[in-house]
Amino acid sequence: GQNIDQPTEMTATEGAIVQINCTYQTSGFNGLFWYQQHAGEAPTFLSYNVLDGLEEKGRFSSFLSRSKGYSYLLLKELQMKDSASYLCAAGEISSGSARQLTFGSGTQLTVLP
Amino acid sequence: DSGVTQTPKHLITATGQRVTLRCSPRSGDLSVYWYQQSLDQGLQFLIQYYNGEERAKGNILERFSAQQFPDLHSELNLSSLELGDSALYFCASSVNRMGPDSPLHFGNGTRLTVT
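First to last, the protein sequences are chains V and E.
Numbering of the first sequence is given in our numbering, commencing with residue 1 and proceeding in unit increments.
Numbering of the second sequence is given in our numbering, commencing with residue 1 and proceeding in unit increments.
A portion of the hints provided could be inaccurate.
[Said to hold, decoys possible] Just a few of them, taken from the derived set where beta-carbon distance is under 7 Å, the chain E residues facing chain V: (1) Ala56; (2) Phe106; (3) Gly109.
No lab work stands behind these hints: they were computed from the structure.
All residues carry an ideal CB built from backbone N, CA and C; glycine is no exception.
One chain only, chain V, in its complex shape:
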């Protein structure tokens, strides 16, 4: 089984930088994903980490420390459209080689003008 924790809400100002943290506990860890979800819409894939370190993708970067069970999503040059819920999800290889993806409850980010 898995346990994933992330803050419920965060607020930041347009143009600023925000870091959303996520901690996880899992057996059979198989990668850490970040998704963005606007209200009432489908989650969309942002980033994936399986090795320790930083992955950069434009304004978004994601970091992973497997030994600490910790990840963060860094959003730079915030725009109003970045207001959304950000979901941390941990992949786990379960019995029979099936992979499950377990999501945290999401961090609701509000970007203020």
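Given the coordinates of chain V, work out where chain E should sit on it, guided by the hints.
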């Protein structure tokens, strides 16, 4: 557009009824996942199919069942519906059943309202 198609978009039904939600995965994707998202909860994993076979089960109630057909589309059947079953039901697909570099791609969901 993720390439994952879910129908219907909205469904309103009464308690005790049965409904079927349909999902067509992205072209080439063999795995289909079903998730439930209630108003105050995160995405809850229900069940996964890979190439027609059930691969993993999450917190799926006995009143719920699913299957994946030879053409790889999937259906989620919800029966004896209760008010608490009202939620957004998402289908997602990925290329393979495992592998860290295979993110899930989500459909737009079916919003189920049980009255």
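Outcome of the hint check:
1. For alanine 56 (chain E), the shortest C-beta to C-beta distance to chain V is roughly 4 Å, which falls under 7 Å, so the interface hint holds.
2. About 4 Å separates the beta-carbon of phenylalanine 106 (chain E) from the nearest beta-carbon of chain V, less than 7 Å, and the hint is met.
3. Restraint check, glycine 109 (chain E) versus chain V: the minimum CB separation of about 6 Å is within 7 Å; hint holds.
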